[in-house]
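Can you make the complete structure from the sequences, with help from the hints?
Listed below are the residues making up each chain.
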Amino acid sequence: MNEAPKLNSFRAGPDEDGRFGIFGGRFVAETLMPLILDLQAEWDKAKNDPAFKAELDNLGAHYIGRPSPLYFAERLTEELGGAKIYFKREELNHTGSHKINNCIGQILLAKRMGKTRIIAETGAGQHGVASATVAARFGLPCVVYMGATDVERQAPNVFRMKLLGAEVKPVTAGNGTLKDAMNEALRDWVTNVDNTYYLIGTAAGPHPYPEMVRDFQAVIGQEAKAQMLEAEGRLPDLVVAAVGGGSNAIGIFHSFLDDEGVKIVGVEAGGKGLDGEEHCASITAGSPGVLHGNRTYLLQDGDGQIKEGHSISAGLDYPGIGPEHSWLNDVGRVEYVPIMDHEALEAFQMLTRLEGIIPALEPSHALAEVIKRAPTMGKDEIILMNLSGRGDKDIFTVGKILGMGL
Amino acid sequence: MTARMDRKFADVASEGRPVLVTYFMGGDPDFETSVSIMKALPKAGADVIELGMPFSDPMADGPAIQLAGQRALKAGQTLAKTLDIARRFREEDQRTPIVLMGYYNPIYIYGVDRFLTDALDAGIDGLIVVDLPPEMDDELCIPALAKGINFIRLATPTTDDRRLPKVLENTSGFVYYVSMNGITGSALPDPSLIAGAVERIKSHTKLPVCVGFGVKTAEHARAIGASADGVVVGTAIVNQIASSLTEEGRATDATVPGVEALIRGLSAGVRSARLAAAE
Numbered sequence: 001m002n003e004a005p006k007l008n009s010f011r012a013g014p015d016e017d018g019r020f021g022i023f024g025g026r027f028v029a030e031t032l033m034p035l036i037l038d039l040q041a042e043w044d045k046a047k048n049d050p051a052f053k054a055e056l057d058n059l060g061a062h063y064i065g066r067p068s069p070l071y072f073a074e075r076l077t078e079e080l081g082g083a084k085i086y087f088k089r090e091e092l093n094h095t096g097s098h099k100i101n102n103c104i105g106q107i108l109l110a111k112r113m114g115k116t117r118i119i120a121e122t123g124a125g126q127h128g129v130a131s132a133t134v135a136a137r138f139g140l141p142c143v144v145y146m147g148a149t150d151v152e153r154q155a156p157n158v159f160r161m162k163l164l165g166a167e168v169k170p171v172t173a174g175n176g177t178l179k180d181a182m183n184e185a186l187r188d189w190v191t192n193v194d195n196t197y198y199l200i201g202t203a204a205g206p207h208p209y210p211e212m213v214r215d216f217q218a219v220i221g222q223e224a225k226a227q228m229l230e231a232e233g234r235l236p237d238l239v240v241a242a243v244g245g246g247s248n249a250i251g252i253f254h255s256f257l258d259d260e261g262v263k264i265v266g267v268e269a270g271g272k273g274l275d276g277e278e279h280c281a282s283i284t285a286g287s288p289g290v291l292h293g294n295r296t297y298l299l300q301d302g303d304g305q306i307k308e309g310h311s312i313s314a315g316l317d318y319p320g321i322g323p324e325h326s327w328l329n330d331v332g333r334v335e336y337v338p339i340m341d342h343e344a345l346e347a348f349q350m351l352t353r354l355e356g357i358i359p360a361l362e363p364s365h366a367l368a369e370v371i372k373r374a375p376t377m378g379k380d381e382i383i384l385m386n387l388s389g390r391g392d393k394d395i396f397t398v399g400k401i402l403g404m405g406l
Numbered sequence: 001m002t003a004r005m006d007r008k009f010a011d012v013a014s015e016g017r018p019v020l021v022t023y024f025m026g027g028d029p030d031f032e033t034s035v036s037i038m039k040a041l042p043k044a045g046a047d048v049i050e051l052g053m054p055f056s057d058p059m060a061d062g063p064a065i066q067l068a069g070q071r072a073l074k075a076g077q078t079l080a081k082t083l084d085i086a087r088r089f090r091e092e093d094q095r096t097p098i099v100l101m102g103y104y105n106p107i108y109i110y111g112v113d114r115f116l117t118d119a120l121d122a123g124i125d126g127l128i129v130v131d132l133p134p135e136m137d138d139e140l141c142i143p144a145l146a147k148g149i150n151f152i153r154l155a156t157p158t159t160d161d162r163r164l165p166k167v168l169e170n171t172s173g174f175v176y177y178v179s180m181n182g183i184t185g186s187a188l189p190d191p192s193l194i195a196g197a198v199e200r201i202k203s204h205t206k207l208p209v210c211v212g213f214g215v216k217t218a219e220h221a222r223a224i225g226a227s228a229d230g231v232v233v234g235t236a237i238v239n240q241i242a243s244s245l246t247e248e249g250r251a252t253d254a255t256v257p258g259v260e261a262l263i264r265g266l267s268a269g270v271r272s273a274r275l276a277a278a279e
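The listed protein sequences derive, respectively, from chains G and W.
Each step along the first sequence adds one to the number in UniProt numbering, with nothing skipped, and position 112 is 112.
Each step along the second sequence adds one to the number in UniProt numbering, with nothing skipped, and position 237 is 237.
For the record, the hints were derived by calculation from the structure and aren't laboratory data.
Among the clues, some could well be false.
Below, a sample of chain W positions facing chain G; criterion: calculated Cβ distance under 8 angstroms [what the hints assert, rightly or not]:
{"hint": "1", "residue": "PRO133"}
{"hint": "2", "residue": "GLY182"}
{"hint": "3", "residue": "ASN239"}
Bear in mind that the values here come from a model prediction, so they are computed numbers and not experimental data.
Don't be surprised by glycine CBs; every beta carbon is placed ideally from N, CA and C.
Laid out in structure tokens, this is it:
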């Protein structure tokens, strides 16, 4: 792509049409346009409303458990023998991942808009659980679309959603994974436009979703920055996060985008390797295209048909990525790299044994990159990683691969 | 080109009946059968043809059209081949307008300029691209109009009077009124509601208004044709094709004749629509 332009800020986007450079936009059917414009109007009002912010902060503190801790991983740091490694512990949030930050924000918006029914899509089930949770908390019925393949491999989360009172609808179209679930949720939305709020789980989709979800997740980076200054008196040298759709990553990246000395790395799912078809590295191995309301990097063939992604982690199994990440890649501010299934699995086990933390398979990808980089960095350097979710949901997948009887 | 479309609507209007617009999926169940289906449509009474461009993720379509797209893709259909279907059709029919209908990504990947040049060459008269609302007009709509290809827009029940002028601004050829909020292939709503909606749109534009989504039978076509300038039938045709296939999804001797019989019935429906309205 072009040489990185000299920008005053990497944090100014999107423009009023929802674009980050050529990425983003509003590529949706006409039926949805009035809804998206309504949502944008409500979001523009809410984000400048002190009462909205106060409610969000209050629920953040007392319901989610914010701020999440910044944790110095002492034994992991010793083992790797290089840079000091810190985790932003989003896995300690209520429901076990960063997803709840966005869900609380969006359901408050849904209430403001007078919507009476919530729909959501989910891959690993973390966003489905978070959506079902906030729907229960606010007394709204909730339908979660989930690929049939994912329903099978994420059974504990399906059970959680049902316990929380949500209806889980398995989607069999396509490969039965996250993109198919998103198609089905969009179909539900165009059919039930009057009463339904679509609670998108990642920083993708038509404007204003990428911006809105980012802003709800940006609390991660805001807290981490303050906590790091408190702990070390300076900013980290490297910030690392896993990227599927990219909401946890943009959440921790956003506060650091204009800090020149901070290197930022997003980790994509390399699956079984980029040479074959079984991966989910939209930026490293894809090309720009239009899907699900936005232009962004996609896995697609020469005819513009979308391919199915593969990852050991259901949460990274999406053939696209949030548009802001596509832009941050093209302007050269963030580096995106792939991590293979087996590397993530090794990282998962290493953290479990060394720190007594069972990470989700999604942040295990980020961790595998940290494990590669830390030994090459000096002991006076600092890495900040977003530990975006806990691994309870993944123990069956991992157990099966490791041949442990459960 | 835009002239063929305008001429067709004028000719049919002079016959005192609504236009019958028929949709089918290019390449379903295979390329050659698709060519035969397309050639059969006007002979059985179709006035305008919507040629579907298959896409892996048809977010605004119901299961019938989604499956048709999957069958076509599985049989090796591509955007280039869909244009070839139109070329083959044009070898023997220069009067029936062809509208390509689908999603933006295959066009974007093909390259907008190259696509418009090839589409004109293949005899395409208009485009319906579901995921390009007026806010995205710079992508394809404006370049298409500059080349003389109609850009036909969908108006829906959520398109209120405030928004309607924006939707109609760069629309040409005709306006496609989607009779309900939802996906293709759902149930048909009350015809009297549709008549009101058609009137509302016509108060904003001189373009013909065609109504679709949910039209399955000659009776539906007749009821809707009483108020609309045209009736769009899609899912019913796609279902007819699907029902004629073998278990493996291959065409049979019944595939093309089945479509012909359905279109003849629908054509009779639109031809009696204004009589019904006058009763």
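Evaluation of the provided hints:
Against a cut-off of 8 angstroms between C-beta atoms, the interface hint on PRO133 (chain W) holds, since the closest Cβ of chain G lies about 5 angstroms away. This hint holds: GLY182 (chain W) has a C-beta 4 angstroms from the nearest C-beta of chain G, less than the 8 angstroms allowed. The interface hint given for ASN239 (chain W) is broken, as the beta carbon of that residue sits about 17 angstroms from the closest beta carbon of chain G, more than 8 angstroms.
In this structure, only the earlier hint numbered 3 is contradicted, and the remaining ones agree with it.
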